[in-house]
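Using the hints, position chain R against chain A.
There are 2 protein chains.
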Amino acid sequence: MIEKLSSEQRATQIAQLDGWQNVEGRDAIKRQLKFADFNEAFGFMTRVAIKAQEMDHHPEWFNVYSNVEITLSTHDANGITERDIRLARFIDEIAAGK
Amino acid sequence: MIEKLSSEQRATQIAQLDGWQNVEGRDAIKRQLKFADFNEAFGFMTRVAIKAQEMDHHPEWFNVYSNVEITLSTHDANGITERDIRLARFIDEIAAGK
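Protein chains in written order, with the numbering used here: chain A, 134 to 231; chain R, 134 to 231.
So here's chain A without its partners, still in its complex pose (with noise of 0.2 Å):
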């Protein structure tokens, strides 16, 4: 059973981050990302797909063309875990090109 990160520990882990911001109204983190066109977009969500497949962790998202926001949080533990951390990191990694 994974367990809940403490606020000290959730407020650490998304300040080191790119651009996540908390969720109102639930114990989950949200990232909005703009890419050149729908290609680059889904290119994005697939490579995302395939790792939270392998992670057993998935996301929430939206995408309209270019535009993808991501809703991550561990349903199993009703809130932010070290795996929503990992994932998240994973995310901003190739949003930047890494």
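Careful, some of the hints might be misleading.
The list treats identical chains as interchangeable, and a pair is accepted whether it falls inside one copy or across any two copies.
Stated by the list, open to error - Calculated pairs, SDA-like style, for lysine to any residue (alpha carbon to alpha carbon, straight line, at most 25 Å): (1) Lys137 / Ser199; (2) Lys137 / Arg216; (3) Lys137 / Tyr198; (4) Lys231 / Gln149; (5) Lys167 / Gln186; (6) Lys137 / Val197; (7) Lys167 / Glu202; (8) Lys137 / Glu215; (9) Lys137 / Phe171; (10) Lys167 / Glu141; (11) Lys137 / Asp160; (12) Lys167 / Tyr198; (13) Lys231 / Thr214; (14) Lys167 / Ile183.
FYI, nobody ran anything at the bench for these hints, they're computed from the structure.
Just chain R, lined up with the frame of chain A:
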């Protein structure tokens, strides 16, 4: 310039689709789909993405794990056009395993 379908055309076309509903407050249609798991849901999305790119007509969609919600509308026409119906038909066909 692509034109919006008339009310009659729109109603007739939507009645021939599988599970599409009007979106409240917008001239758009949506369908919710449920798959066996994330692999199947994202595989479906990938097929739709390739078709959408070919048509240069893209969906608005939300995914969480095995659930996909797709909204279609033609921004240039500010409503439902033949393009939305064509993409909806493709979605219905692959969702039905054809």
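### 25 Å Cα threshold - placement of Glu141 relative to Lys167
For Lys167 and Glu141, the Cα distance exceeds 25 Å both inside one copy (30 Å) and across copies (37 Å).
### Query
Between the shortest in-copy and the shortest cross-copy C-alpha distance, which are at most 25 Å for Lys167 and Ile183: within, between, both, or neither?
both (20 Å within a copy, 19 Å between copies)
### Within, between, both or neither: Lys137, Tyr198 at alpha-carbon 25 Å
between (34 Å within a copy, 20 Å between copies)
### Message
Checking an output row: Lys137 and Asp160, CA cutoff 25 Å. Within, between, both or neither?
### Response
within (10 Å within a copy, 41 Å between copies)
### Query
How would you label the pair Lys167, Gln186 (within, between, both, or neither) given a Cα cut-off of 25 Å?
For Lys167 and Gln186, the Cα distance is within 25 Å both inside one copy (23 Å) and across copies (17 Å).
### Task
Could you figure out if Lys231 and Gln149 sit no more than 25 Å apart (CA to CA) within one copy, between two copies, both or neither?
within (16 Å within a copy, 46 Å between copies)
### Message
Checking an output row: Lys137 and Phe171, CA cutoff 25 Å. Within, between, both or neither?
### Response
between (34 Å within a copy, 23 Å between copies)
### Task
With 25 Å as the alpha-carbon cut-off, assign the pair Lys137 and Val197 to within, between, both or neither.
between (31 Å within a copy, 20 Å between copies)
### Query
For Lys167 vs Glu202, is the C-alpha pair at or below 25 Å within one copy, between two copies, both, or neither?
Intra 9 Å, inter 21 Å, cutoff 25 Å: intra and inter.
### Message
One pair to classify: Lys167 and Tyr198, alpha carbons no more than 25 Å apart. Within, between, both, or neither?
### Response
Both. Shortest intra-copy (9 Å) and inter-copy (22 Å) distances satisfy the 25 Å Cα cut-off.
### Query
How would you classify Lys137 and Glu215 at a CA-CA limit of 25 Å: within, between, both, or neither?
Within one copy only: 8 Å inside, 48 Å across.
### Query
Given a CA cutoff of 25 Å, do Lys231 and Thr214 count as a within-copy pair, a between-copy pair, both, or neither?
within (24 Å within a copy, 40 Å between copies)
Going down the numbered hints, you'll see the structure goes against just number 10.
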